[in-house]
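Peer 1: Guided by the hints, dock chain B onto chain A, whose structure is given.
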Amino acid sequence: MAGSHELSRGPLWLRALPFVWAALLAMAMASLLARLYGQSPLAMYRLLLAGTWGSVYGIGQVLFKTTPLICTGLAVAVALRAGLFNVGAEGQLIVGALAAALCGAYLPVAVPSVVAVPLCLLAAFCAGGLVGAFVGLCKWLCRAHEVIVTILLNFIVRAVMIGVGGYLFLKESVHTAPVIDSAKLPRLATILPQLHGSAVNAALVLALLLAVAIELLLRRTRLGFALRVVGQNPDAAAATGLRIGWIQTLALTLSGGLAGLGGANFVLGYKYYYEDGFSAGVGYLGIAVAVLAHNQPLWVILSALFFGTLAQGGLAVNAMVPRELIDVLSAVVILAVATASAEVRRLLPRFQQAKTDDGNKDVRPPKQTSRESDDAHSHEPPPMQVPETVDSVSPWAAR
Amino acid sequence: MDSLALVGLLWAILRISVPYVMAALGGTVCERAGVINIALEGILLIAALGTALGAPHGAALALVCGLAAGVITALLYGLLVVVFRGDQIVCGVAIFMLADGLSRVLLKVQFGSTSNSPRLDALVGSGPLWLLAVTFSSVILLHGLIYHSVLGLRLRAVGDKPAAAQALSVSVLSVRMWAVALSGLLTAIGGVYLVFEQRQFVALMSGGRGFLALAAMIFGGWRPLWGAAAALLFATAEASGIFLQARGLLIPNWILQSVPYVLTLLTLMLRGLLGKTHSAAPLSLGIPRL
Chain A
1 MAGSHELSRG PLWLRALPFV WAALLAMAMA SLLARLYGQS PLAMYRLLLA
51 GTWGSVYGIG QVLFKTTPLI CTGLAVAVAL RAGLFNVGAE GQLIVGALAA
101 ALCGAYLPVA VPSVVAVPLC LLAAFCAGGL VGAFVGLCKW LCRAHEVIVT
151 ILLNFIVRAV MIGVGGYLFL KESVHTAPVI DSAKLPRLAT ILPQLHGSAV
201 NAALVLALLL AVAIELLLRR TRLGFALRVV GQNPDAAAAT GLRIGWIQTL
251 ALTLSGGLAG LGGANFVLGY KYYYEDGFSA GVGYLGIAVA VLAHNQPLWV
301 ILSALFFGTL AQGGLAVNAM VPRELIDVLS AVVILAVATA SAEVRRLLPR
351 FQQAKTDDGN KDVRPPKQTS RESDDAHSHE PPPMQVPETV DSVSPWAAR
Chain B
400 MDSLALVGLL WAILRISVPY VMAALGGTVC ERAGVINIAL EGILLIAALG
450 TALGAPHGAA LALVCGLAAG VITALLYGLL VVVFRGDQIV CGVAIFMLAD
500 GLSRVLLKVQ FGSTSNSPRL DALVGSGPLW LLAVTFSSVI LLHGLIYHSV
550 LGLRLRAVGD KPAAAQALSV SVLSVRMWAV ALSGLLTAIG GVYLVFEQRQ
600 FVALMSGGRG FLALAAMIFG GWRPLWGAAA ALLFATAEAS GIFLQARGLL
650 IPNWILQSVP YVLTLLTLML RGLLGKTHSA APLSLGIPRL
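For the record, the sequence lines run as chains A and B.
Mapping of the first sequence onto the numbering used here: position 370 corresponds to residue 370, and the numbering continues sequentially without gaps.
Mapping of the second sequence onto the numbering used here: position 34 corresponds to residue 433, and the numbering continues sequentially without gaps.
Because the hints were derived from the structure by calculation, they are not lab data.
There may be inaccurate statements among the hints.
[What the hints assert, rightly or not] If you anchor each label on the Cβ, the simulated ranges turn out as follows:
no., chain 1, residue 1, chain 2, residue 2, range
1, B, L648, A, A280, 32 to 38 Å
2, A, L315, B, I650, 36 to 42 Å
3, B, D520, A, V111, 56 to 62 Å
4, B, V482, A, P186, 50 to 56 Å
A virtual CB, placed ideally from N, CA and C, is assigned to each residue, including glycine.
The shape of chain A in the complex, shown without the other chains (with noise of 0.2 Å):
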């Protein structure tokens, strides 16, 4: 199943294995479609570089692209550490985005931004929740593939978007009115004057904080240990006496939730109004930005942070290559990272097994996995009978 991507032990070579290869794969790749345009490849790398981390405005701009991918990957994260492949973050986010934004328009003036902010904040998390809590009572009572009822409804959401704006943008446009003033995220740029023109706001903030929080629930609730074992082990979870159906619904509803306030960051930080055709795939990316950081929430910002610097370098090189290059790139990153990491995952028993050997025998684990139960069940992280931290099992560890 998409479960378990977890890869959380073991020596950091192996382990980083999967992103080295990733990354020069990819890179391969771009160099083989810029070649196709007649363009150097190292032109390529450099107009990228130098459109992104090349300037004070250019990491602005990354740090912009990069705060609704951390929402949306961190909500395709939290489904799979469930079990559960949440393809619908694009559709939720969409809805989330168009919910705060009616909120926002729609409040009084007077309201004081203390109130205003968290509103909108809260209604965008709620209309992406009850779409992912859709998602998780089709698959309870239903029995329904998530995967495919996500998917659904991204089509769905996008087909009755364009109904829906018939009554709800202003003349003559593909956008909403623009929310009160006091419901407005500030621009970093207020504080930091370098960044003037970037339109990277007080969303990156709420993001990481999100990321923060995601990982604190994941680690120390009750609710995030349900999650975890949920998506580990469906079986042991029901026979421990978790209500599978419910634990999911929850997840799938934080999911959806966590995808809507992805839509802050355009809504209330930058436009200021809901736009036709805002999100651009940032929902899809997420999945790409999700399986980079192995479903671990705090990994999440980085990977984010790589896919981020790779759409605002898309836009850089838009004259020399279509940007459309970018989700190629982010396609090939998600094949060679997902085949390299059950690859690394079935490497890791073996080598754990030879490192415990000949470091010390005392510390072996008490079971062993055998090479046949391993294959059977390889799409589940390594056993927990392997010894808490790898890395300290060696000849200095032991004197």
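Peer 2: Just chain B now, with coordinates in the frame of chain A:
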């Protein structure tokens, strides 16, 4: 309703159903071997792209290019999930993203636009008719292959009990790879048909048909005949909407567009409520094992 209009409607249903039916068949053959195939949508799209890229050199080459593109994509998918045992759902979705990105990039190289190709005049003729015939014979052929041949027995064994199949010296790996390749070929016919019908390539022109076909396949209980029937049902929904609109009934466009998706969602929910979804699925679906 006069009989002429009814015949027109039936004809429209048949024409619209081709990509749905072919992708549903492709999904069936792949999943009966135990490999989940969310990549159907990507294969449809890539096959359509291949057809469009080959079209300036004549209809025959367009057909070959389209089929080859679909099979190559399927083989890539097979390599990733069967040989390297990557996660089937994650890789399937990534193949779709790859198809979307690649189609826009190559469209720009070939035709100078990232959204659509110009009209492909080389594709006039009776191509769609032939493909229609191929489609409905494939349904019968695949039914025979899966249920009444040694190959089909091996295919189902590999999908249900790979360990047992292996014990009888059936190579799980090669059966699955052949199934994925055949799935690519079948689905590619649907993609080729799309371009032959519309005589143009438009970005994202598969429009979720691969995903809908997957739902049709599940609705049909992983059986080719029933999967094709479900695909026909979806095509009927799409065709009736267009038909009613053409006859002057004012249905807003967005409702018309969402009808196939909503209908698919409802059928999936209904089937789940009736409670037979899981018993029908191949036992080892989605479990990589060599």
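Peer 1: A separate judgement is required for each hint: does it hold in the structure or not?
Peer 2: Going through the hints against the structure:
no., hint, result
1, L648(B) <-> A280(A): 32 to 38 Å, "holds, 34 Å"
2, L315(A) <-> I650(B): 36 to 42 Å, "holds, 38 Å"
3, D520(B) <-> V111(A): 56 to 62 Å, "holds, 60 Å"
4, V482(B) <-> P186(A): 50 to 56 Å, "holds, 52 Å"
Taken one by one, the earlier hints all hold for this structure without exception.
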